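> Here's the letter readout for the chains.
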Amino acid sequence: MNTRLIYRLLGAILLVEAAAMVPALLIALGYGDGDASAFLLTILLLVILGGLLRLCTKTDHTNLRAREGFLVVSLAWVLLSAFGALPFVFSGVIPNYVDALFEAVSGFTTTGATIMPIVEGQPHGIMFWRSFTHWIGGMGVLVLTLALLPQMSGRTSHLVRAESPGPTLSKIVPRMGDTAKILYLIYAVLTVINFVALLPTGMNAFDAAIHTLGTAGTGGFSNYAASVGHFASPWVDWITTFFMVVFGVNFAVYYKVISGGWREAIRCEELRWYLGIYAGVTLLTSLSVLTEYGNFPTALRYGAFQVASLMSTTGYSTTDFNLWPVAAKMLLILVMFTGSCAGSTSGGMKICRVGMMCKAGMREVRRTIQPRRVQVVRFEGKTVEEDTLHQVGVFMFMYGLLLILGTVLVSLGGRYDLETNLTAVLTCVSNVGPGLGAVGPTGSFAGYSAWTKVLLSFLMLAGRLEIFPMLAMLHPAMWRK
Amino acid sequence: MRILIVGDGKVGYTLASELLREGHDITIIDQNEAVLRKTEDSLDVMCIHGNGANASTLVEAEVNRADILIAATASDEINMLCCLIGKKLGAKFTIARIRDPEYNDSLSMLQQELGINMTINPERATAQEISRILRYPFASNIEPFAKGRVELVEFLAREGDIICDRPLKELTSRHSDLPKVLYCAVEREGEVLIPGGEFAIHPGDRVHVAADIVTVTQFFRCIGRSARPIKQVMMLGGGRISYYLAKMIERMNMHVSLFEINPEKAKTLSEQLPHADVIEGDGTDQDLLEQENLAGMDAFIALSDRDEENLMTGLYARNQGVPKVIVKSNRYAYKDVISSLGLETQVSPRLITCNALLRYVRARVNARGTTVEKLYRLVDGKAEALEFIAREGDPYIGVPLKNLSVRKGALVAIILHQGKVIVPFGDDMISAGDNVVIISTASGISDLNEVIRR
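Protein chains in written order, with the working numbering: chain C, 1 to 481; chain Z, 1 to 454.
Same shape as in the complex, but just chain C (with noise of 0.2 Å):
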């Protein structure tokens, strides 16, 4: 293994953390609340010990096998978040350690589940930073790393793979440098429309951010306990239901849409699964909810903005929808299963996944009534191999089984029903964000114990690392010599 270009890795992630503190300090700085000392502390614990890694580990050896690229990827992780907490301890924000490494993971993962009972009134540069880990996360780490540092650009394909959610990794110009360049430039893009689309409805510019921030990593971070209910603006549900939405698809759709080739975009059939699957549930949902609206037009706007909310992973909410009929309940929890597109910032199975199990589950079907017919099962207009299909299949079964033994794991501590643990170790899987019963929209993980607070940060960062690298560190091969 070549331990030294995997210090070298994780000394440029850090450094890559200390540089991506900096706008939370100077929010800090500008509105004086207390809280610079604790990223000030931070940044140089970062800049100290990721330059001695860098620096005492010199290589000319740039080759990453995949074992150490899996490896590299979920420590990483690991490490952005045991990092990315110490602000909140700092700040005495959230003084237990335990408590803010669930935040920090919770943040970096998009997944926006919180242990913080109050939310308002807290220090501006910490409630930015929280926020603006969605916003890294989002799109990977690696993935920011690789666009900022070109010489990282030899075999780095392991990386990202291991960072990119959806099940097969596709580059949308030859070089995985320059992917990463656009893939930002047009998350950053994206986040600068949505931003400007706030501003108009009323709310401040930090709140605006915030919530865009959220919106862009779906992550689901807000600093009302009301989340976007808060503003009881229609203007701010539409706009935000339809930029989570933005937020769920390929983003190599949208390169497609710029390089000119529209036509080719909307004719992905994932993006076509993914609005149908979008359109169908909001519709029966704001239909359950019809009763509780009186109206159509209303259901309509709390419909479409929770299942945009739930299925693309970002977990706002503009109502608490515990109170919500289960036919209403029910069906949030299926677009938590599924959750977006593969290549979004979003979490969950994605939408791809599910296209090709439908269609291979089809064709078993098929083959019980025709077991001599020849089928192969296609997607996005082409053979999907039957590799790949082995793979998806055994991603969900494995996501299944993380999801039963979390809840089993939880319901150990004795704590709450079933479906607010049930739900919980779903939300942390899928990467969501509020649940329902105890942790639903209003609620908080403030309750769990520590160590089911560990549990379900793992369980976070084995969403959102698609499961196999975080078993894969765990695995005694991982570190044999």
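Hints may be right or wrong, so weigh each one.
Said to hold, decoys possible - Calculated cross-link-like contacts (lysine to any residue; reagent style SDA-like; alpha-carbon spacing at most 20 Å): (1) 382(C) with 34(Z); (2) 181(C) with 382(C); (3) 38(Z) with 387(C); (4) 181(C) with 1(Z); (5) 38(Z) with 161(C); (6) 256(C) with 36(Z); (7) 181(C) with 49(Z); (8) 382(C) with 49(Z); (9) 38(Z) with 390(C); (10) 382(C) with 225(Z); (11) 402(Z) with 427(Z).
To be verified - Label-pair ranges, simulated between beta-carbon atoms: (12) 368(C) with 337(Z): 29 to 39 Å; (13) 275(C) with 34(Z): 31 to 41 Å; (14) 259(C) with 334(Z): 36 to 46 Å; (15) 442(Z) with 478(C): 36 to 46 Å.
By construction, these hints were calculated from the structure, which means they are not laboratory data. Everything numeric in this text was worked out from a predicted model, so none of it was measured. Cβ atoms here follow ideal geometry from the backbone N, Cα and C, with glycine treated the same way.
Place chain Z on chain C using the hints.
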């Protein structure tokens, strides 16, 4: 530049990794997904699964934005189709690998009609390389520069050679009859050194010298290597390289004995090569080799499909005292190991093809601002010999070399001034229009001004 390579085989892969190192954006198309996955893992290129002769696959690979399309699949016909469709879809320059001798005669028509800008035939190129080596048997490798007026020659220094173990600057004073040649590069234990005056050659070094061919011949005579011209050649294997090579060297008055195990192939070959002795039999059979007078041969060339067979019979021939043994080896990574066994001359069709293609790609880059006329990669790409034309108005024109600073790891090897070859010393200068050959250990040099400064 954007380069599209169709066919992720040996040549496609090697070419992609070389071009990537030079900073081009590479897209590879292949039908075998497993091969593509391996490539994607090790190279930073875009891989597209599909048939390269299929328009929609080419469109997906953005062929309309490709500066060069290189078709190097196993099939000539697919390569041609691929170039035809690629050209129609907007590829600026197309290169096809076409190896079947059947197409040889109609090649120029095919090129014109199908819009193929250039074709490459690996077997023919390999045969050409071997025939050049046979012409100058003292060298293990030879490469012409400046339209053939300068030769870059590689040979293995042996124990007792008069050039060994002495600083280079003392050589001419000690041996007054030793002609002046330029010692461009020395390969020692896998490392490439650009020698200065204090440098001493050790036995076992692979030395590259440059001069015109008359001087080179004198040089080798002087150090006691003047092998007599080759008259009798024995070849193992009746493949395409053998066919092309036999055709070529028959014209050079060499006699060819050729072993081919397959009776039908042997019969066809004897029809195609009326002057050669085509022997039907197993060329690895020692009795048969001796029966055909292996020991009396001037050269033995092992060109079968199997590297191992080539190596074994090559060693046997060396053992029997054949002065020049050439073996074909596709696994270039083992070059040093095979060399250490005494088989210093190896040819690799893959590398030769890659070199030729790289040269053309660089020639295309030329048109976009660089001035490399010719490029030759020494020692598995660890050093390069580059030929430039000095342009009017460049700062180094007319200044004696001793007043110029040359980049570290680089050497002005040869100046070709008005058809005259100059091995440059401190007082020589470059005039506008001269061909200048640079040897460098750094790759990616694109202009003479990067190497020489005032």
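> Go through the numbered hints given earlier and state which of them the structure violates, listing their numbers in rising order.
Structure breaks hints 2, 6, 7, 10, 12.
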